[in-house]
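Protein chains in written order, with the numbering used here: chain A, 986 to 1216; chain B, 1150 to 1583.
Calculated from the structure, these hints are not laboratory results.
No incorrect hints appear here.
Here are the computed distance ranges between Cβ atoms for each label pair:
(1) Asp-1548/B with Asp-1168/A: 27 to 37 Å
(2) Arg-1521/B with Arg-1180/A: 24 to 34 Å
(3) Pro-1195/A with Asn-1457/B: 18 to 28 Å
(4) Arg-1316/B with Glu-1015/A: 43 to 53 Å
(5) Pro-1502/B with His-1157/A: 28 to 38 Å
(6) Ala-1081/A with Ser-1181/B: 52 to 62 Å
(7) Arg-1162/A with Ile-1387/B: 52 to 62 Å
(8) Pro-1195/A with Ser-1353/B: 48 to 58 Å
(9) Val-1160/A with Pro-1376/B: 49 to 59 Å
(10) Arg-1521/B with Thr-1120/A: 37 to 47 Å
(11) Arg-1180/A with Ser-1353/B: 49 to 59 Å
(12) Ile-1387/B with His-1157/A: 50 to 60 Å
Taking lysine to any residue pairs in the SDA-like style, the calculated list, with each CA pair at most 25 Å apart, reads:
(13) Lys-1217/B with Pro-1164/B
(14) Lys-1352/B with Arg-1103/A
(15) Lys-1297/B with Asn-1266/B
(16) Lys-1352/B with Ser-1100/A
(17) Lys-1352/B with Ile-1377/B
(18) Lys-1352/B with Ala-1317/B
(19) Lys-1217/B with Asp-1184/B
(20) Lys-1352/B with Gly-1105/A
(21) Lys-1217/B with Leu-1173/B
Think of the CB as a built atom: it goes at the ideal place given N, C-alpha and C, for glycine as much as any other residue.
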Amino acid sequence: MAASSALRDLRELLDLKFPDAVPLQRHRTEVVATGIDELDGIFPSGGFPRGRLSVWAPGGGATAVLRSACRSAVAGGERAVWIDGGGTMAGAFWDAGPILIRPGSRLQALRAAESLLRSGGFAVVVLAGADPEGTENVRLSRAAHESGSVCVALTSSATTSALRASSSIRPHGYVWRRDPHGDAAAIDAATIEVRISSLGWNRRARLVLPVRRDEPRMALPIDLPDRRGAR
Amino acid sequence: MSFLCLHNPAWLAEPPVTLHAPLLTIVPRVLSAGDLVWADLRGLPVRETTERVRNAFTAHNAIYSSVKCGVASTAIAAEVAARYSQQSVTYVRAGYDRDFLAPFPATVLAPERALANLLDGTGVEFCRDLARLSQESVEVRLGAEGVKLWRLARADDARRIFGSMPRALPEASLEWTDYAIRRAERLVFVINALFGNVCEALKSRGEGALAVTISFALANRTTLDHPIRAARATAGQIAWMRLVRLEIERIVFPDAVTGITLRVDITSGTGGRQGDVFDRGFGSESAAEEALGQLMDDQGSIGVEPENSAHPLLDRRTAWTSLSATRLMERAHIYAASLSRNGETALTLQLLPEPQGISVATFRRRGDEIPRTYRDARATYDIVEAAGPDRVSGGRWDDAYAREYFRCVLEDGSLVWLYRDARTGLWYLHGWWD
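Can you build the whole structure from these sequences, using the hints too?
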């Protein structure tokens, strides 16, 4: 018996035994897309689920993806807020769109996340740099559920999350530009491996993201004209 | 009766401005106009108030004893009574202003010379002659100016002698004399009750307060004013009390408090802007703004936007500008209209709030010291590949800086930003790409 026919028989048997059950792939929940097509395809419903707490392990391009999700929500006429609990967001690389909140402490960041979620006025609330622990996770989940907003925490602990995601970059996944000597000079892009898991769901994807770098002015006080190279 | 008009030809040379202050203790509004002084009698007992006004004049200066008064429900009747009546005080019965004006010559209505000639030519001598005509006939023969005069002759005076009254902002106060309070909790209790009244008044006006001043009357007969400002206009008692609790702990009272006055300084409408059916976030806008406002009331100005300069050092390039909840919402609305869903998604630098000191093992590459491994307080990290150095230097005197930046890929794939302070030789972890 071919594998395909066995699978078909199994589906028919499941339909017979559990007529009201709906396959996971056909579950449709309201989502906010990440704005990255390759990535949206591996989410259970095509994006971050509304009314649920999702967690994304820090690092490996997590910030880039979540900022893209915020931009997607704002471009759709909704509001997104980024709670920078760790104060790590570099102003030079901040793109206008989401509302940026910089609380003074971890607790204040959690309070901000909860109250903004409960207001129901934000489609996406991203909590970065403030790991929720124990009951704090429960409170955030409840707030997200009550408001119908997407809540994504950049944390490794995922006790009550509906969706878990992680991303990583392999050491050799960077696209380097080399100097004439063959030494590394600049990084153009990085290949990111993303893993999305949920109940009965485990998908992976690989995407290439550009690396934005700071172009240093290389010396001179800012109030002096740069005359290097001038004759 | 609404208008009290006082007339004295001497006021043309010397307006009685010094009398405004005593008059304002009797009537709410006073206006000097040439040889006339107007007083607003609305809601006041007419004869009693008129007598008090006259007494104020005579008590102040004997020259004012020649003042003549006209009291009427229309300004024109009061003015004619004051100017042309033979009596020192003339009360025009309410509803009979037109009858009062009827026997006076039409010239008391102060027509322009051309119009006066026209009236003279058509045989209109008295106010009653003019009032008797139809509007159409006056309009055809005398024009728009004639219609105005015709209206005055009929005691139909639309002039606004007094401007509109400014609305008093809500305030509430409480004083006690038998005891003095020093404890903040009891003061909060009183302030809470006062805010209850003030917030009710604000809600009934459809407004919210943006700034409130609490005046503490002290036992040493001085007053301590403490202004409080909210991030957004609100009539919410809970929001204001949250601010009060934060503020009152910082106030140092020189003496015990014997009274509190709560005064609203600035108000603003609490109504939302015009809706947009294509704006998905419009329905929840007020809730979002309210939440942001409360958050800022609780935690301070945490809603920020970067303002970037051209400083060579990334960590000194950004000044974070605090925005109010309203401004944040306005910005969000603007960006919603201008952003594209398919903007560039890229790994960007994340900066540590303060560069973290590390120890680094290096190797030489074409004369430069390139990091091979680094160690922080927790572990040692092997560097797979490093690009750099990117040298940044500048500043003067104590503010001088010289750094060599390296972009390093670690064994776990992280891309970190290290630098060596060329002035001290120390190494730092400054950030990472994410």
